[in-house]
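If you read the protein sequences in the order shown, they are chains A and B.
So for the first sequence, this note's numbering puts the first residue at 1; every next one is plus one.
So for the second sequence, this note's numbering puts the first residue at 236; every next one is plus one.
Be aware that one or more of the hints could be misleading.
Each pair of labels, with its calculated beta carbon distance range [stated by the list, open to error]:
hint : chain 1 : residue 1 : chain 2 : residue 2 : range
1    : A       : A125      : B       : G479      : 42 to 48 angstroms
2    : B       : L263      : A       : N129      : 37 to 43 angstroms
3    : B       : E237      : A       : V80       : 52 to 58 angstroms
4    : A       : W224      : B       : E237      : 32 to 38 angstroms
5    : A       : N129      : B       : S277      : 25 to 31 angstroms
Think of the hints as simulated: they come from the structure by calculation, not from any bench.
Please read these numbers as outputs of a predicted model, since none were measured by experiment.
Cβ coordinates follow ideal geometry from the N, Cα and C atoms, glycine included.
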Amino acid sequence: MLEPLAQVQIQDRSGGEASCIADNGFCPSWIVDNYDRYVDPFVQHVFLTLASVAVGFAIAFALALLAHRHRWLIAPIVQVTGIMYTLPSIAVFFLLLPLTGRGNLTAIVALVAYSLLIIFRNITAGLDNVPGETKDAGRGMGLTERQLLWRVELPLALPEIMAGLRIATTTTVGLATLAFFAGAGGLGEQIFADITFKSNVVVAGGLAVVLAAMLDGSILLAQWAVTPWMRARTG
Amino acid sequence: MEAATLAFQDVTKRYAGQDEPAVDRLSLEVPAGDICVLVGPSGCGKTTAMRMVNRMIDITDGDILLDGSSVQQRKPAELRREIGYAIQQIGLFPHLTIADNIATVPKLLGWSRDRIRERVDELLALVQLDPAETRDRYPAQLSGGQRQRIGVARALAVDPPLMLMDEPFGAIDPINREKLQNEFLRLQHDIRKTIVFVTHDIDEAIKMGDRIAVLKKGGKLAQYASPAELLMYPADPFVEDFVGADRALKRLALQRVRDIDLWRPGLVRVGEPVAEARAKVADSDLPYPLLIDGDGKPLGWLSERALQGERVEQILRSGPEPIVELDDVLRDALSDLLQNEAQYGPVVDSRGEIAGVLSIEVIGHALKANPEDVPSGADALLGEA
Chain A
1 MLEPLAQVQI QDRSGGEASC IADNGFCPSW IVDNYDRYVD PFVQHVFLTL
51 ASVAVGFAIA FALALLAHRH RWLIAPIVQV TGIMYTLPSI AVFFLLLPLT
101 GRGNLTAIVA LVAYSLLIIF RNITAGLDNV PGETKDAGRG MGLTERQLLW
151 RVELPLALPE IMAGLRIATT TTVGLATLAF FAGAGGLGEQ IFADITFKSN
201 VVVAGGLAVV LAAMLDGSIL LAQWAVTPWM RARTG
Chain B
236 MEAATLAFQD VTKRYAGQDE PAVDRLSLEV PAGDICVLVG PSGCGKTTAM
286 RMVNRMIDIT DGDILLDGSS VQQRKPAELR REIGYAIQQI GLFPHLTIAD
336 NIATVPKLLG WSRDRIRERV DELLALVQLD PAETRDRYPA QLSGGQRQRI
386 GVARALAVDP PLMLMDEPFG AIDPINREKL QNEFLRLQHD IRKTIVFVTH
436 DIDEAIKMGD RIAVLKKGGK LAQYASPAEL LMYPADPFVE DFVGADRALK
486 RLALQRVRDI DLWRPGLVRV GEPVAEARAK VADSDLPYPL LIDGDGKPLG
536 WLSERALQGE RVEQILRSGP EPIVELDDVL RDALSDLLQN EAQYGPVVDS
586 RGEIAGVLSI EVIGHALKAN PEDVPSGADA LLGEA
């Protein structure tokens with residue numbers, strides 16, 4: 001079953017300073033010479049993360065709206081997505097292999113399964129935290145349930161929904177470093193390709209950290225842009 | 236829109252699993268343009284009764300007629316858009332600007348942008364807020380009193396023929412509440428909506444209501460009457476207890492000094508012949524002459540010694556205090572008298588000119604007046620009885 005690992009045993013240390021490389025050290029000149037080998041895994045990592053979060057959000061959002069109408073659904077949904085959340089992702093990758101084969105699909109299915117609980121719980125909490133009097137006033141003025149949901153409840157739940165997205169996204173960036181076990185590549189493949197070589201680990205790992213920070217920052221920025229009322233101060 | 240009439244016909248609300256109905260065969264009619272206050276202790280079903288009008292709560296039995304047609308024939312969302320709705324917690328949408336909050340129902344009804352903008356500014360001015368300054372703010376940036384005004388403006392947005400108000404001033408501190416009540420009564424004087432107003436506070440009910448429905452536990456109507464009638468002739472011990480032991484005093488808040496027959500004093504100026512002055516006193520309702528200046532302003536009560544010579548001299552037995560105004564409500568005027576330990580005091584008009592004398596005896600007579608002659612709290616406030 002460890003067959004995927006076989007293909008990552010590539011050690012290409014051409015370029016850069018020979019002595020530094022021999023010491024497995026941190027060699028800036030090697031990094032400069034070999035930078036382009038990280039581009040494709042990085043792009044693949046971004047794709048895995050965004051695709052998983054997008055699909056995860058779509059499913060969790062649909063489930064949350066369903067559970068908002070039919071409250072009894074909340075407990076079973078939390079239980080099922082909770083189980084998905086606790087399963088070790090490496091195990092899921094291997095479990096899925098016979099079903100979905102090696103590649104992006106397996107990785108994305110596993111990452112989506114992992115993100116559902118976080119996003120679902122945040123959307124549900126956001127909707128539940130909308131003040132009762134706000135909903136009462138909305139209904140009393142003649143908003144239908146659908147209008148109330150889209151014009152009042154969801155906008156007011158945005159801060160919590162966005163918070164859920166941020167956690168899900170940064171977690172997925174981290175988990176996607178394991179996606180190469182499913183044959184989906186990503187920065188993890190680079191890290192494990194030469195895990196004793198500092199220069200390699202620092203760049204590949206560093207890119208994953210930078211990616212997480214960038215995506216987190218973009219969601220934060222988006223949240224800032226769509227919730228102007230949160231910035232309104234008295235005075 | 237023209238104010239609507241509202242009629243409860245044997246309206247009953249029963250919740251599953253409860254023996255006692257929340258509202259029990261409630262019947263009452265609210266004439267167009269009147270404020271009907273539903274008042275009672277908690278659990279008396281007053282809010283339930285109000286919420287059945289716009290179908291926020293379903294009617295179990297009986298019917299509610301808005302301008303003669305049953306609210307149960309209407310789609311709830313459409314019905315509610317025609318009925319203004321203001322609640323104690325206000326329920327402004329925190330994520331929308333004040334303008335967008337007020338525009339909620341106009342937008343649902345598909346008004347044009349220009350019409351909405353115009354209406355928003357008009358409403359802000361109506362509730363005494365500066366449109367330019369308020370329009371683009373968020374609810375969190377306003378004070379409680381300002382938010383309450385926005386709540387009222389939002390409820391008035393499409394000029395509904397009926398307004399439902401559930402303790403709209405309940406969460407405001409006493410000083411601002413009084414101010415908002417007065418403001419609202421002035422506003423109502425201009426817009427003349429039919430209003431169902433829920434409160435647990437009998438003083439607010441007396442002040443705001445043209446008609447007051449007192450409900451008791453189990454959602455039963457104990458009495459439906461004008462404020463004065465309620466205070467003078469409570470229908471049963473429950474109402475008597477609910478309006479309070481000071482109901483006679485409360486009635487004084489419904490009348491102004493100008494509404495009652497004042498005593499006529501003998502008015503005397505310095506330098507007037509004493510004989511003339513004595514004749515005036517003999518013709519007046521008081522044994523003492525009241526000295527006034529050239530403009531008719533009271534200076535004080537003359538001493539007997541002032542009338543010893545040929546001409547009236549300025550020798551006072553006491554100053555004119557307390558001076559009450561024609562526009563004072565009787566309760567405040569009585570309080571002035573008691574505070575000054577006086578049996579009576581001169582009454583002046585808005586220019587300060589003497590108009591008569593108010594005494595504790597006169598107030599006593601006013602309390603015996605026919606309730607039909609006693610105005611409502613709003614009329615007393617606006618001084619137009």
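Results for each hint:
no., hint, result
1, A125(A) / G479(B): 42 to 48 angstroms, "holds, 46 angstroms"
2, L263(B) / N129(A): 37 to 43 angstroms, "holds, 39 angstroms"
3, E237(B) / V80(A): 52 to 58 angstroms, "holds, 57 angstroms"
4, W224(A) / E237(B): 32 to 38 angstroms, "violated, 47 angstroms"
5, N129(A) / S277(B): 25 to 31 angstroms, "holds, 27 angstroms"
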